[in-house]
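Student: Okay, here's what each chain looks like letter by letter:
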Amino acid sequence: MPIRLDKPWLPLDAAADLPGQLGVFELADEAGRVQYIGCAGGRSRFGLRSEVPAAAQRVPEARRFRVEVTMAYLTRHRELLMAHGADQGALPPHNEPISRLGRLSPR
Amino acid sequence: MDLALTEEQEMITGMVRRFVREEILPLELNLDPDADELPEADRRRLTEKTRAMGLYGLDIPPEFGGPEIDLITRTLIAIEASQHRAGLYAPCYGVFGGAGLAQLFEATEAQQERYLHPMLCGEKSGFFGLTEPSGGSDPARAIQTRAVRDGDDWIINGGKIFISGADRADFGLVFARTDPDQGRNGVTCFIVDTDTPGFHVRRVVHTLRSARYATELQFEDMRVPHANVLGAVNGGFAIANDRLSRQRIPYAAGCIGVAIKAHELALEYAPQRQTFGAPLSSRQAIQWMLVDNEIDIRQARWLTLEAADRAQRGDAFRKEAAMAKLVATEAGGRVVDRCMQIFGGYGVTKDFPFERWYREMRIRRIGEGPNEVQRHIIARDLLGASLR
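Protein chains in written order, with the working numbering: chain Z, 492 to 598; chain S, -13 to 374.
Keep in mind the hints are simulated off the structure, nothing from the lab. For every residue, glycine included, the Cβ atom is placed at its ideal position computed from N, Cα and C. The reader is advised that the hints may include incorrect statements.
One side only, chain Z facing chain S, incomplete, derived with CB under 8 angstroms [unchecked claim]:
id: 1; residue: Ala522
id: 2; residue: Arg534
id: 3; residue: Phe537
id: 4; residue: Gly538
id: 5; residue: Val560
id: 6; residue: Ala563
id: 7; residue: Leu565
id: 8; residue: Glu570
id: 9; residue: Gly593
id: 10; residue: Arg594
id: 11; residue: Arg598
Computed Cβ-Cβ distance ranges for the label pairs, DEER-style [claimed, not checked]:
id: 12; chain 1: Z; residue 1: Asp497; chain 2: S; residue 2: Thr335; range: 29 to 35 angstroms
id: 13; chain 1: S; residue 1: Val191; chain 2: Z; residue 2: Arg534; range: 24 to 30 angstroms
id: 14; chain 1: Z; residue 1: Gly580; chain 2: S; residue 2: Glu(-6); range: 22 to 28 angstroms
id: 15; chain 1: Z; residue 1: Asp497; chain 2: S; residue 2: Met(-3); range: 42 to 48 angstroms
id: 16; chain 1: S; residue 1: Arg366; chain 2: Z; residue 2: Ala545; range: 55 to 61 angstroms
id: 17; chain 1: Z; residue 1: Pro584; chain 2: S; residue 2: Gly108; range: 28 to 34 angstroms
id: 18; chain 1: Z; residue 1: Asp497; chain 2: S; residue 2: Arg31; range: 39 to 45 angstroms
id: 19; chain 1: Z; residue 1: Pro510; chain 2: S; residue 2: Asp301; range: 54 to 60 angstroms
The whole structure should be built from the sequences, with the hints applied where relevant.
Tutor: Pasting the structure below:
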């Protein structure tokens, strides 16, 4: 499994067709810059189908998204945040700081 | 061994049981089912409570500021503290504190000043770096990470896998081969700062545990001062081995605690749930599952307390610790599996903790030395050290 999410970007209106499964997602602006990394966890009502549109409403720049279905949503979420931090030097603009987020130096 | 708990043990275990029920279980209702951390404000508040209870830092020796509580009582506490959803790998979400890297109690004064004391007051955290891609059960032979002396420093090259907490740690214990011809007598333990050039956390290793992950490390020409050797050069195997035996007792205790909680939930549910006009508990198939749970839990509990008792008295306990780990991890798995079956469809949902326990309990048969290695240890003790 690649460390960075490599699934295809989709337009926001495609979120209604997402599965109700658990997993992680990224929201990006028109230029493809990642604005937010989120996850649909075990308490989400309809998994990715409900969490992606809800997050997009809080991120005005969001124009597209991509998802990865995974049961390891918490560790994968942290991994994506750490990989983004390693690549960009900071978390995505709409992610709140996470306490005790680790450091990765992926190849 | 006296099988009855002392008055003090009854009091302490009762306190911890109430703490889990009144403080931890209500918080878990609002956490993600796979969470292994509390929100910071709750963590701080509950840590203050455990300090006030006199139970913070249970495994820290009294001379370093820990409470003076014997190993049997600590084992009983570990059984109580794991009786919640996250309890197997995050008992009470860590608010009872811990000894961290116990090997540092044997460190030099300068090393203790720099690493141990900040770790005990929560200013620094460390990781334990033993297992390599070539294996973890046989560190004497599997360690291929190489350390070569260069003046006052050592240059370390190699890698580690399945290392918990390395991405957040300030330092870690890294075991490396310093004499390629000496097997177990050619391994040295180094204290490594994680900001050392050449130290890399390459990736998260995803496992059945969704919240607490392991990492893969790489060391590229990592320069470590000789002053950071822990213990003697080529004496690292004893440091690693000592931890492995001691850790098996609390490891077993956690499995027992989870099994007790799962069994308790099943005992409550079976009389309530009706099938074909009668409660589940009236069916012999279910009764036998509950009976088998009870026997599994009691066997594991007594073997674990026996190991703690021997260790407490200063007797050899390697065989007993291996038996405790072996029996508790296998019994815990069976108990959780039976309880899941009793709960039917609900048992596999995230509405109940069984599915998390089921995944995490499976790892316990591999972690801290696979159960096949435990059987090997027991056989070697029974038949002699020459057994191969």
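Student: For each hint, tell me whether it holds in the structure or not.
Tutor: Hints and how they fare:
Of the supplied interface hints, the one on Ala522 of chain Z is violated, with its beta-carbon coming no nearer than about 28 angstroms to a beta-carbon of chain S, more than 8 angstroms. Look at Arg534 of chain Z: its Cβ gets to within about 6 angstroms of chain S, closer than 8 angstroms, so that hint holds up. Against a cut-off of 8 angstroms between C-beta atoms, the interface hint on Phe537 of chain Z is violated, since the closest Cβ of chain S lies about 14 angstroms away. For Gly538 of chain Z, the interface hint is violated, the least distance from its beta-carbon to any beta-carbon of chain S being 11 angstroms, above 8 angstroms.
Annotation: Val560 of chain Z was flagged as interfacial toward chain S, and the flag is violated, the nearest CB pair being 13 angstroms apart, outside 8 angstroms. Interface restraint check for Ala563 of chain Z: the shortest CB-CB distance to chain S comes to about 5 angstroms, inside 8 angstroms, so the restraint holds. Hint status for Leu565 of chain Z relative to chain S: holds, with the closest Cβ pair at about 5 angstroms, below 8 angstroms. For Glu570 of chain Z, the interface hint holds, since its Cβ comes within 8 angstroms of a Cβ in chain S; the closest pair sits about 4 angstroms apart.
Interface restraint check: Gly593 of chain Z against chain S, minimum CB-CB distance 3 angstroms, threshold 8 angstroms, status holds. Because the smallest distance between the Cβ of Arg594 of chain Z and any Cβ of chain S comes to about 6 angstroms, under 8 angstroms, the interface hint for this residue holds. Annotation: Arg598 of chain Z was flagged as interfacial toward chain S, and the flag holds, the nearest CB pair being 7 angstroms apart, inside 8 angstroms. A hinted range of 29 to 35 angstroms holds for the C-beta pair Asp497 of chain Z and Thr335 of chain S, which are about 31 angstroms apart.
Between Val191 of chain S and Arg534 of chain Z the C-beta distance comes to about 25 angstroms, which sits within the given range of 24 to 30 angstroms. Judged by the Cβ atoms, the range 22 to 28 angstroms given for Gly580 of chain Z and Glu(-6) of chain S is violated: they are separated by roughly 54 angstroms. A beta carbon spacing of about 56 angstroms between Asp497 of chain Z and Met(-3) of chain S contradicts the range 42 to 48 angstroms that was offered as a hint. Taking the beta carbon of each, Arg366 of chain S and Ala545 of chain Z are about 57 angstroms apart, inside 55 to 61 angstroms as hinted.
For the pair Pro584 of chain Z and Gly108 of chain S, the supplied restraint of 28 to 34 angstroms holds, since their beta-carbon distance comes to about 31 angstroms. A C-beta distance of roughly 41 angstroms is found between Asp497 of chain Z and Arg31 of chain S, which places it inside the suggested range of 39 to 45 angstroms. A beta carbon spacing of about 57 angstroms between Pro510 of chain Z and Asp301 of chain S agrees with the range 54 to 60 angstroms that was offered as a hint.
The earlier numbered hints that this structure contradicts are 1, 3, 4, 5, 14 and 15.
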